[in-house]
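Between the sequences and the hints, there should be enough to build the whole structure, so can you do that?
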Amino acid sequence: RKTRIVCISDTHNQTPKLPAGDVLIHAGDLTNQGSLSELQKTVRWLERADFEVKIVVAGNHDITLDPPFYTAHKDSWRWPNPQDPSACRDLLLSSPSITYLENETATIKLTSPNGPHTIFTVFGSPCTPKHWNWAFQYAPDAADDVWRHIPDGVDIVVTHTPPQGHCDSGASMGDDDRSGCPGLTKRLWETRPLLNVCGHIHSGRGVEKVRWAGHKAEGLVDHVEVWEDPGKGSKKMSLVDLSYRAKIGRGLGRGGGWSLRGFSDSMDVGVGGQPDAASTGLSLRAEKGGPGVQPQSGDAKSMSTSSLEDFALSQNEAAAQGARVEETVSGQGDIGIGHGDQAVCQMDGALGGNVGREETVVINAAYLGARAAGKAIGFNKPIVVDVELPV
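Under my numbering, residues 200 to 590 are what the sequence shown spells out, in order.
Calculated from the structure, these hints are not laboratory results. Each residue gets a CB set at the ideal place from its N, CA and C atoms; glycine is no exception. Errors might be hidden in some of the hints.
[Said to hold, decoys possible] Derived CB-CB ranges, DEER-like:
(1) A412 - D274: 26 to 32 Å
(2) G577 - S285: 33 to 39 Å
(3) N332 - Y443: 43 to 49 Å
(4) G577 - N302: 30 to 36 Å
Below, the structure written as structure tokens:
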């Protein structure tokens, strides 16, 4: 049954009006640095939003939500007053209407009388590849350990970082700089979720339909289709129509078109994690502290809350009301628009419970705009996804 999912990320203290839907997903960077006052403002906005379920992960800017990092590096930022990470985390963990995920999985059952009564599993993680000094980061060689927590059979994966090669471009002037995580791309190939909702790389905002290759020896990706945003330059919603009507050609183009793009295997480029420096025209290998590159916030130089807000806007990132949430076990069977009932061999012995699925739709829902000529290009619309889920 059709379920409407509204996707947003990288709001950085902004509280935009949201389109109506059944489920809200926020893929991290709720704030500029995670102070209690920032989080209180954002949590109030989320709790007032009229969705049956609200799924949230943190991002690298939500510093207090990563207590070990905050304890080690709190003096690198200026705070309005001393911060208590436990109180900050409790805003999200104790919220009656927010499902906060931190490298964990939940089963979501929509039970509102006026809702679609659908069910799906969702994994959420705030983690991003190491770059400078921010919260929830991991070294490149630790990526496999981070992403092995994505269970086989999961339907939706929410990550702050994008997968490398998909909705992660900091490119300008036709360059192909890629800043996502290759380890995440690999795990998505293995688990094949229906959706991967992400953010982090603001200039990568958009949607790609990734058709997976059958065997790793062929590369992970067969081809990629890029979504054409119907909301760009218009008053329309930024809608991605993955419903049954769209699949059989009756969607009348309401969800935008798709175009095939040239593709080089995403596993062949870089280690990921680079902020949105490429949109300034700088090389991804620009020297630390050079112009246009995100400063190393964990050093001796403190940054004020206001300067971080200005920085987020100009430099940008890398440039249950009627519902039930239940714990889930990794390895549940395929649901959604996959074909779990078909007998399909486990190719290379590496594919998980969604082996019958051949596509994953990657959605970078960054709200804050990318940089151009040294200035932020405003804000993006939330991305609305209509998708068929089982009842």
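Verification of the hints:
Separated by about 47 Å at the C-beta atoms, A412 and D274 break the suggested range of 26 to 32 Å. In this structure the hint that G577 and S285 lie 33 to 39 Å apart at CB holds, the actual value being about 36 Å. A hinted range of 43 to 49 Å for the beta carbons of N332 and Y443 is consistent with their spacing of about 46 Å. In this structure the supplied range 30 to 36 Å holds for G577 paired with N302, their Cβ-Cβ distance being about 32 Å.
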